[in-house]
Amino acid sequence: MRRLVSVVLLFVFIISLLTACWDAREIDEWSYVYIIGVDKGVGNALRFTFQLPSLKHQGVEAGGQLGETSQYTTSIDAPTMYAGVNIAESFTSRRLNYMHTKYIVISEELAREGVERFINGMIRSRQIRRIAHIIIVKGKASKFVEEFKPLLTSAISKAQEGFMDMHWDTGFFIDTSYQDFIRDMKNTYKMPAAPLTAFNDFSNYRTSGNPPKEFKSEGDYYAGELPRSGGNKFEFFGTALFDGDKMVGELNGDESRALLMLRGEFKSGSIAMADPKNKELRIAFDTKAQKKPYIKVNFHEGKPFVNVKIFLEGDIQNLQSTEEYENLELKPVLEEAFKVYIKGVIDKTIDKCKELNVDVFGFGEKAAKHFLTIQEWEEYNWLSRFKDAEVNTEVEFTIRRTGTLLKTNPTRTAEGEKK
Amino acid sequence: MIKEGKFGVHEAVCLVIIAICNKIFSTTPGYVTRTVGTTAWYMTLISCITAIAFFTLIYLLLKCFPGKNIVEIYDASLGRVVGFVFSFLLMVSFLLSVGIYAREFTEIMKTYALPATPPSVIIGTLIFTASVAVFLGLETIARVAKLALYPALLGYFLILVFSSEYFKLHNLFPILGYGLDKTVFTGILRASAYDEVTILAVFAGSLQGAAHIKKAGYTSLLLSGFIISLGLLCFSLVFEYTSIQEITIIAYILTRGLKYGTFFQRLDPIFLLLWIITTTIYISILLYTTVSIYCKLFRLQDARPVAVPMAVLAVSIAIIPKDFSSVLSVYVEGIRTYGNITFFIMPVIALIVAVIRKKKGESECAD
Numbered sequence: 000m001r002r003l004v005s006v007v008l009l010f011v012f013i014i015s016l017l018t019a020c021w022d023a024r025e026i027d028e029w030s031y032v033y034i035i036g037v038d039k040g041v042g043n044a045l046r047f048t049f050q051l052p053s054l055k056h057q058g059v060e061a062g063g064q065l066g067e068t069s070q071y072t073t074s075i076d077a078p079t080m081y082a083g084v085n086i087a088e089s090f091t092s093r094r095l096n097y098m099h100t101k102y103i104v105i106s107e108e109l110a111r112e113g114v115e116r117f118i119n120g121m122i123r124s125r126q127i128r129r130i131a132h133i134i135i136v137k138g139k140a141s142k143f144v145e146e147f148k149p150l151l152t153s154a155i156s157k158a159q160e161g162f163m164d165m166h167w168d169t170g171f172f173i174d175t176s177y178q179d180f181i182r183d184m185k186n187t188y189k190m191p192a193a194p195l196t197a198f199n200d201f202s203n204y205r206t207s208g209n210p211p212k213e214f215k216s217e218g219d220y221y222a223g224e225l226p227r228s229g230g231n232k233f234e235f236f237g238t239a240l241f242d243g244d245k246m247v248g249e250l251n252g253d254e255s256r257a258l259l260m261l262r263g264e265f266k267s268g269s270i271a272m273a274d275p276k277n278k279e280l281r282i283a284f285d286t287k288a289q290k291k292p293y294i295k296v297n298f299h300e301g302k303p304f305v306n307v308k309i310f311l312e313g314d315i316q317n318l319q320s321t322e323e324y325e326n327l328e329l330k331p332v333l334e335e336a337f338k339v340y341i342k343g344v345i346d347k348t349i350d351k352c353k354e355l356n357v358d359v360f361g362f363g364e365k366a367a368k369h370f371l372t373i374q375e376w377e378e379y380n381w382l383s384r385f386k387d388a389e390v391n392t393e394v395e396f397t398i399r400r401t402g403t404l405l406k407t408n409p410t411r412t413a414e415g416e417k418k
Numbered sequence: 000m001i002k003e004g005k006f007g008v009h010e011a012v013c014l015v016i017i018a019i020c021n022k023i024f025s026t027t028p029g030y031v032t033r034t035v036g037t038t039a040w041y042m043t044l045i046s047c048i049t050a051i052a053f054f055t056l057i058y059l060l061l062k063c064f065p066g067k068n069i070v071e072i073y074d075a076s077l078g079r080v081v082g083f084v085f086s087f088l089l090m091v092s093f094l095l096s097v098g099i100y101a102r103e104f105t106e107i108m109k110t111y112a113l114p115a116t117p118p119s120v121i122i123g124t125l126i127f128t129a130s131v132a133v134f135l136g137l138e139t140i141a142r143v144a145k146l147a148l149y150p151a152l153l154g155y156f157l158i159l160v161f162s163s164e165y166f167k168l169h170n171l172f173p174i175l176g177y178g179l180d181k182t183v184f185t186g187i188l189r190a191s192a193y194d195e196v197t198i199l200a201v202f203a204g205s206l207q208g209a210a211h212i213k214k215a216g217y218t219s220l221l222l223s224g225f226i227i228s229l230g231l232l233c234f235s236l237v238f239e240y241t242s243i244q245e246i247t248i249i250a251y252i253l254t255r256g257l258k259y260g261t262f263f264q265r266l267d268p269i270f271l272l273l274w275i276i277t278t279t280i281y282i283s284i285l286l287y288t289t290v291s292i293y294c295k296l297f298r299l300q301d302a303r304p305v306a307v308p309m310a311v312l313a314v315s316i317a318i319i320p321k322d323f324s325s326v327l328s329v330y331v332e333g334i335r336t337y338g339n340i341t342f343f344i345m346p347v348i349a350l351i352v353a354v355i356r357k358k359k360g361e362s363e364c365a366d
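Protein chains in written order, with numbering that gives the first Met the number 0: chain A, 0 to 418; chain B, 0 to 366.
Calculated from the structure, these hints are not laboratory results.
Treat the hints with care, since some could be wrong.
What the hints assert, rightly or not - In silico EDC-like pairs for lysine to aspartate or glutamate, Cα to Cα no more than 20 Å straight-line:
#	chain 1	residue 1	chain 2	residue 2
1	B	109	A	25
2	A	291	B	164
3	B	181	A	25
As the list claims (entries may be wrong) - Sample of chain A residues with no beta-carbon within 12 Å of chain B, all distances over it, derived:
#	residue
4	23
5	73
6	108
7	130
8	181
9	186
10	189
11	215
12	219
13	289
14	314
15	361
16	400
17	402
Claimed, not checked - Rough simulated footprint, nothing fancy, chain A against chain B, three-plus residues with beta-carbon under 8 Å:
#	segment
18	108 to 116
19	131 to 142
C-beta atoms are modelled at their ideal positions from N, C-alpha and C, and glycine is treated no differently.
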């Protein structure tokens with residue numbers, strides 16, 4: 000009898016397992032949001048734009064290749080993002096899932112008014128990933144989300160990672176995760192910063208005229224102003240600076256590189272400068288960070304003094320001049336000129352941030368070591384004192400290699416060597 | 000008296016380590032950081048030292064009454080009535096711990112992993128598993144704890160090693176947090192984080208003598224102090240104190256934030272696996288201890304008839320708090336703050352009384 004009861008109980012238990020998880024949802028019941036755009040609302044507090052994959056192939060092309068998948072976007076005015084998600088679900092057949100969202104794009108207009116209310120609000124959801132990238136867009140975030148159709152690939156998520164990874168190669172913008180942003184928004188050591196993006200109408204691309212005589216660096220542009228034509232309509236360039244949750248300024252490409260160098264996050268970049276012996280010619284270095292910067296903060300009668308030393312190294316990538324900069328006599332001339340150039344960019348960036356009183360460099364992280372308790376540290380209020388800081392910078396730079404040429408011979412014309 | 004089987008020092012150490020260190024995966028790091036700021040990692044060492052001091056006194060008490068467990072010792076030292084009250088309070092503390100920690104686990108699971116699952120299903124599954132463990136006995140739980148501890152520790156240390164890329168030394172400054180006085184005071188008060196070492200006194204009969212208990216107690220406390228302190232240090236190195244203060248489960252956020260390229264990221268399933276296994280063992284240990292004290296208190300020979308009613312009581316306790324906030328601020332904090340009384344202070348009182356009575360020639364205290 001006991002055996003029979005046990006068998007029946009076991010049978011009932013096994014039968015119950017056949018139902019699977021009653022609250023489980025299959026992958027085809029979800030619609031995964033790629034990008035969330037946030038604008039100032041019109042019909043309600045905020046406007047949220049979601050980009051979703053349609054998962055509906057455009058058909059099979061000749062040769063059996065699948066056609067590109069398409070995305071669709073939808074914008075909703077709602078008091079909060081989750082209310083917006085609910086609204087969106089009233090006209091979609093799938094539940095929205097933002098577990099794989101990689102970009103959270105915020106319009107500059109909203110960023111300048113303050114982002115605290117939704118940055119704080121969104122993070123409570125388990126679906127929001129703290130490794131998602133925060134991006135500030137000049138203009139409407141909704142437009143960016145709609146137009147985010149990368150040209151080189153149809154794999155949106157891979158393209159999203161690819162765009163952000165470019166900052167390691169160029170240094171023209173920084174990469175900020177949701178975690179970094181919300182951390183810096185609330186901590187006592189430094190202020191937040193985020194990458195800037197904008198649409199380029201290609202109006203800076205002149206089709207005729209002469210180039211400027213003065214040296215203009217490759218990073219001396221703000222987002223949306225690059226002199227180019229073709230390619231993706233949007234570009235990631237420069238950095239948005241925040242005082243707490245409000246955007247208060249921006250850095251151009253050069254200044255963003257300086258910011259990365261000071262933060263110890265600069266990896267590499269091709270940096271051009273004017274030839275020290277012939278200002279009309281240009282020299283470019285494949286520049287890399289040699290090691291993390293040395294930063295020391297001291298206090299004298301309450302005033303902070305910051306000493307920074309940046310360590311760079313590079314290879315000559317482009318030498319327009321025929322001067323033998325490769326030899327041991329002239330190499331120091333080039334190194335010295337580069338040091339002065341980089342120091343100038345760094346000093347300019349620091350001055351700009353001091354004017355805005357935003358320590359986005361993290362000098363406060365070093366300053367905190369001088370305080371024993373959190374009460375003393377918070378009472379000193381580093382973030383309000385940054386503008387008074389005296390920052391002394393120094394740059395170390397070594398040319399390691401000269402590329403595939405050891406020497407540049409002059410071009411010969413009918414008259415002889417070209418001078 | 001119930002037969003609980005025998006197990007060695009090794010199993011006992013594993014049992015106690017799982018019971019103590021499981022808290023690192025809970026809301027505790029956030030709560031501690033709210034109080035002491037950047038010093039949580041060494042505050043817990045103060046708690047550990049305090050717990051070692053209390054355990055020394057418990058060990059002296061056990062040495063005083065060789066071969067007896069804490070329930071028998073309370074009776075022998077304080078008399079049947081007061082001894083009964085002390086043992087009953089100890090049992091209630093363990094029972095409350097089962098219910099409250101099961102509820103805390105449930106709320107966190109609902110927040111992070113199973114949002115659509117009714118709390119009763121999670122609580123029920125957890126307590127049901129613990130009840131099965133109680134039926135199987137202490138020896139089984141101890142051996143499973145030994146089996147589970149090594150992979151759990153491996154996973155835990157892997158998470159900490161992977162997070163090392165995100166370490167920022169400046170997060171430890173200001174080095175004294177909200178003040179040394181606050182750190183020391185909270186550290187002493189929070190010795191209750193290590194109070195599970197008391198289970199060695201409950202199962203004194205299953206360990207081969209006071210020397211084994213001493214070895215198991217000190218080893219497990221020192222190792223637990225190291226594991227918890229290392230975890231808190233890593234959390235502090237990755238996140239600023241302002242972030243830790245507001246995040247519900249810092250260990251989960253840490254594992255979720257790990258990113259090595261586009262493929263190797265989101266290691267939260269490792270965390271969930273570790274946490275579910277260790278919590279199940281932890282709840283089983285607590286429920287078994289509750290049942291065991293009850294049986295010793297009422298001199299019952301068989302623990303099995305008590306297991307189901309205790310499980311029902313534990314589920315009832317788990318569903319008392321009306322929300323997550325009250326689970327944390329009232330119940331978990333209550334256990335942390337007042338746990339010292341039942342787990343550490345009462346054995347000390349018993350020791351003092353035993354020593355006084357011995358001097359008067361009334362006690363059977365052996366040494």
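Original post:
In ascending order, which of the hints set out earlier in this document are inconsistent with the structure?
Top reply: Hints 3, 4, 7, 8, 9, 10, 15, 19 contradicted; others consistent.
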